[in-house]
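Each chain, written out:
Protein chains: 4
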Amino acid sequence: MSSYIVGVIGGGEDVLQENYELAYRLGGLIAKEGWVLLNGGRPAGIMESSARGAKESGGLTVGVLPGRSSSEASAYIDIAIITGMGSARNNINVLSSDVIIALPGKAGTISEIALALKNGKKVLLLNFDPGSIFAEYRDTGLLQSAGSPEEAISIIKAGMGSCD
Amino acid sequence: MSSYIVGVIGGGEDVLQENYELAYRLGGLIAKEGWVLLNGGRPAGIMESSARGAKESGGLTVGVLPGRSSSEASAYIDIAIITGMGSARNNINVLSSDVIIALPGKAGTISEIALALKNGKKVLLLNFDPGSIFAEYRDTGLLQSAGSPEEAISIIKAGMGSCD
Amino acid sequence: MSSYIVGVIGGGEDVLQENYELAYRLGGLIAKEGWVLLNGGRPAGIMESSARGAKESGGLTVGVLPGRSSSEASAYIDIAIITGMGSARNNINVLSSDVIIALPGKAGTISEIALALKNGKKVLLLNFDPGSIFAEYRDTGLLQSAGSPEEAISIIKAGMGSCD
Amino acid sequence: MSSYIVGVIGGGEDVLQENYELAYRLGGLIAKEGWVLLNGGRPAGIMESSARGAKESGGLTVGVLPGRSSSEASAYIDIAIITGMGSARNNINVLSSDVIIALPGKAGTISEIALALKNGKKVLLLNFDPGSIFAEYRDTGLLQSAGSPEEAISIIKAGMGSCD
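Chains as they are written, first to last, in my numbering: chain E, 1 to 164; chain P, 1 to 164; chain F, 1 to 164; chain H, 1 to 164.
Mixed in with the good hints there might be a few duds.
Copies of one chain are not kept apart here, so a pair can be met inside one copy or by any two copies together.
In silico DSSO-like cross-links for lysine-lysine, where the CA-CA straight-line distance does not exceed 30 Å [to be verified]:
{"hint": "1", "residue 1": "157", "residue 2": "121"}
{"hint": "2", "residue 1": "55", "residue 2": "157"}
{"hint": "3", "residue 1": "118", "residue 2": "106"}
{"hint": "4", "residue 1": "32", "residue 2": "157"}
{"hint": "5", "residue 1": "121", "residue 2": "55"}
Keep in mind that the hints were calculated from the coordinates and are not lab data.
Please take these sequences and the hints and turn them into a complete structure.
Following this line, the structure appears as structure tokens:
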């Protein structure tokens, strides 16, 4: 059976220091659970920081890249999937993840949250308030907020015992 | 030179009557300008209504479909582009449009607004308030609101004379 | 109902004069039938020549482009579909075409023939002998050769009356 | 730095016993080199057999799936990349592989060989003769034949020392 994959999304640029740190800590926790971390693969922002956190805790990292060359991958990516599809690869990120954790980001991150919800994937927001726009997905429980990386992991583990 | 293409996006399901009517009127206005209307192509919601408006005013309509068969296209679509890519086709919709007009919708529509902004495409909101999430794109003018279909057309025509 | 679309594929570079001429003539014949011509959209080779033939006979042309900008489209393309997906767009070309006509080309063209056959689309070869590789698809009739553009049109028209 | 990835392609159906065995042996050899094996991920044909060979020699396997669910993956796939893109995912397979080894297959396999060559990726044919169609790529050395799985591995290792 294939590995359990946690997608971590968030900004590539203009990332606050506290979010780098949350992403790093989150990556480490994912690795310690034995889960695979998947992200957008570039050497920037939440992608790089979460991958580094996972690698430094002995985890396995997958980067799904928008460009055409594996040379664009972060040094903390083990498996570089080269799509050559630009932002259309965002849909692959969410389909390939069993669950998504979203840190703050701009339009790229928001597109991934939206594509995840559209495809029925659970999204956990970490230190990120997108306002009212996804309210109906909060009502159904598909979208939730986690107060910390540790709580995000707990929510995922609680959900793995259930049927959804 | 290829035709000027206006992408019209919005919900496929649970669409208010007033938004059907706005989409229909908008489709007609796009056709009267001699522009091509592009949408997601399915026989539902804002897609169907905007395409019908364009066709009944003599316009040309392009539908970029998520599935694998042209039989999934609305009867008001002239050119069915069959992607077989699911929601990854949303990125093609925005890249192929010179400008996007967004009526209310859920996660699919929001993903297209986000992908458009990510790709630097201008988005005009029509009767749709996504809250604060895209605030920074309002500041740069990439995201604007139009008070009516007529105003959306005026904004587009004003922009065509400029350099951006 | 959406338009009948004929995909024309073939080399972008190193194209023999006789194949430019066949592509031009073929484009004109497709236009005269009232069919839409679809190709890869670039200003080169069989793409440009077939689109020019269609336009100069009053037809409608669709180009499905690999890059991210409509400025990459041939001047003879009416509707530029911008995929930003590189060669992955070849699958969209074949899915969107009701039938494919293939002139000589290299790996890109061969990939489109193969993707068409994989997806169960009929392919007519025009002045192109790919050797034995697709023999089994000849046996089932999915792959055929046409002796001229006129014969290709006749084969398509004969097939439209049948049930397959 | 991300792992070295060898793509193994070949038929999903109607596969001869000798090719199952070659694929299994090849998968094992790839694993023993410490390389990652990437394929189309489905539980069938060359895909399943090569992945099983790699897993039973302690390797890591990546499957890039055409459908929308990880439940479609072979039991021998560690990392399931879910594209939801059908055969358009074939381009991702070749872009993500540092080198491709092709066993016999039909149109799907041929499309991947063609896409690989189009993208400038080296392809090694194993027990597979596609006829004359790719002759020019043989002349440049981009396409080669290997007489056995062992020889395929040797060719790859020889190439890793060079600059191309």
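Hints violated by the structure (numbers, ascending) = none
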